[in-house]
Amino acid sequence: MSERTITLDVTRYRPHQEAVPTVQSYAIPFPDDWVVLDALNHIKDQVDGSLSYRWSCRMGVCGSCGMMVNGEPKLSCAVFLRDYFPRAIRVEPLSNFPVIRDLVIDMSGFLDKLKSVKPWIIREQEKPLSEGEYLQSPRELDAYQHFSQCINCMLCYAACPVFGLDSGFVGPAAIALGYRYNLDSRDHGTAERREVLGDHEGIWQCTFVGECSVVCPKHVDPAAAIQRVKVDTAKDWILSLVMPWGQR
Amino acid sequence: MMATRPDPAGLYHPAMPATWWLRKRSYFLFMLRELSSVFIAGFLVVLLLQIAQISSGEDARAAFSAMLRSPGWILFHGVALAFAVYHSVTWFYTTSIVMPLRVRGRELPRWLFTALNIGAWAGVSLVILILYLALPASA
Amino acid sequence: MNGRKTLEPLWWGLFSAGGVVAAFLVPIHIVITGIAVPLGWLPDAQEIYRHWPVRLYLFILIALPLYHWAHRFQFALSDMGMRGIHKPLAVLCYGAALLGTVIAGWILLRL
Chain A
1 MSERTITLDV TRYRPHQEAV PTVQSYAIPF PDDWVVLDAL NHIKDQVDGS LSYRWSCRMG
61 VCGSCGMMVN GEPKLSCAVF LRDYFPRAIR VEPLSNFPVI RDLVIDMSGF LDKLKSVKPW
121 IIREQEKPLS EGEYLQSPRE LDAYQHFSQC INCMLCYAAC PVFGLDSGFV GPAAIALGYR
181 YNLDSRDHGT AERREVLGDH EGIWQCTFVG ECSVVCPKHV DPAAAIQRVK VDTAKDWILS
241 LVMPWGQR
Chain B
1 MMATRPDPAG LYHPAMPATW WLRKRSYFLF MLRELSSVFI AGFLVVLLLQ IAQISSGEDA
61 RAAFSAMLRS PGWILFHGVA LAFAVYHSVT WFYTTSIVMP LRVRGRELPR WLFTALNIGA
121 WAGVSLVILI LYLALPASA
Chain C
1 MNGRKTLEPL WWGLFSAGGV VAAFLVPIHI VITGIAVPLG WLPDAQEIYR HWPVRLYLFI
61 LIALPLYHWA HRFQFALSDM GMRGIHKPLA VLCYGAALLG TVIAGWILLR L
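Protein chains in written order, with my numbering: chain A, 1 to 248; chain B, 1 to 139; chain C, 1 to 111.
Only chain A is shown next, with the shape it has when bound in the complex:
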C-alpha cells in the first residue's frame, strides 16, 4: 500500500522561552493503519525529539494520550490519520487545563478532585476477615458498573465549558466516580461524600451541557451521574426538612 503524507499542526509551548503557545507543522508520511499517536511518536523519534506529550498503552486503556484533535477531545491512540486525510490535523493540548509543555497538561488539580470524592468503599463498620468477603448480586453490580469504567483520561473536562470557566468545579469524571461508590451496595459513604459532591463547586455548578458524556471514550455518561446526584441530594434535602431528626 502506497504511503500518503499528512500535515500535523502541533501546538508547541516551551515555558520561559515563549509566553504563548505557537504552532509547528510537520509533514508526515503515513501508512493506512496509523493513528495520531503513531504520527507523534514518529515525529519524536525521527523528526523532532523536543516534542513533549503523554502516552502509554496505545490501546485506549491507560487514558494518558488525551489531546484536542481538530478541536475535539480525543484519545490520540484511537483516531486514524486516514479519517482526516488529505486535510491537515490540528493537535492541541487538552482544553481548559494549564499547559506544562507542548501537549502536556497539568493534571494535579484533577488528581486532587478525584481524591476529594473518596472513591473507595466506606463502611460504617468493617466486617472481620473471618466473616468472608462482601457479596454482591449481579443486579447490585449492574447498578454502578458502567460508571466504574472511567480511565481518568480527562476528555470530559476538556469538553466541559463549566470547568473551562471555573477550574474549581469538581467536574464530570470525579463526580461520576463518587456516584459510582454511592451506588455500590457495599458502601455506606454517601453522606460523607455529600460534603464535596453537594457543594456549590460540586454538582450545582453543572448546567447539563452534556458534552462530557458525548466525548467519553468509555461511555461512562458522567452527565447522567451528575444529574442523578442532584436528584438524590435534593430528595435528601427535602427529607431533612420534613424529618430533621432522621439525619445520619
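Keep in mind that the hints were calculated from the coordinates and are not lab data.
Restricting the straight-line Cα-Cα distance to at most 27 Å, the calculated cross-link-like pairs of lysine-lysine (BS3-like) are:
1. B:Lys24 to A:Lys218
2. A:Lys235 to A:Lys115
3. A:Lys235 to C:Lys87
Only some residues are given here: those of chain B computed to face chain C with a beta carbon under 8 Å:
4. Ala18
5. Leu35
6. Val38
7. Leu44
8. Gln50
9. Ser65
10. Leu68
11. Arg69
12. Ile74
13. His77
14. Ala84
15. Ser88
16. Phe92
17. Val124
Quick reminder that beta carbons are idealized off the backbone N, C-alpha and C, glycines included.
Start from chain A and add chains B and C according to the hints.
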C-alpha cells in the same frame, strides 16, 4: 483565540472567552435551550398582564386584546412558541437521562422515554384545548 | 451534616418543577392566547379564568416556570462572562421569581 495569564511556574493558563458558546454547534444549542426559559417566562408575564386586565373593566381588556392582534405581538408569540417547543423536546430528552424509567430492572431506551413523553404532552395539550373551549364562561 | 448550608437543592427543585410545567403546559397556551385567539381562530374565553380551580391552575402555570427562568438565566449570564457577579445575579433572578410569584398570587386572588 485564548488569553494568557502569567504564571511563575511557567504554566500557560488558557482562558475561556465569553463567546465560547458560539464556537461549537452543541454549545450553541445548549445556550438556545437555556435561553428558551426567557421566552417562556416572557410569555407568562404577558399572560398574567392579560389576566390582570379582566378586573380592570371591559375597555382595558379590549385594548389589551387589540394590542395582541398586532403583527409584532403575533411574531413574538410565534418565536416564543418555537422556543417553548424546543424546551419541551429537550426537557423530555434530558429527563430520560436524569430520571430513567426502569422496566424489569432495565432502563427504558432514551428515545422511547422521550417519545412517550411527547405523546403525553400532546394528550395534555389536547385536554387543555378542550377545557378552554368547553368550560362555561360564567364563573 | 450536609446540604443545609446551601439552598441550592431548593432552587434546583423549583427549577425542575418549573421545567416540567413549562414543557407540558406552556406551548398550548402560547398557541391559544398568543396566536389562535388574536388571529380569530378561537373564541376569546377569558371569563373562564375566574373559576377557582382555573385560578389555582394558572398560579402553578405562571409561578413555577419563573424559577425555571431564574435558574437558567443566572447560569447563562454567568457563563457568558459575568461569573464575577454570580452571587448578586442569583439574588436578583431568584428574587424576581419570588416577586413574580407574589404578584401572580395577588392578581389571581383579586380577579
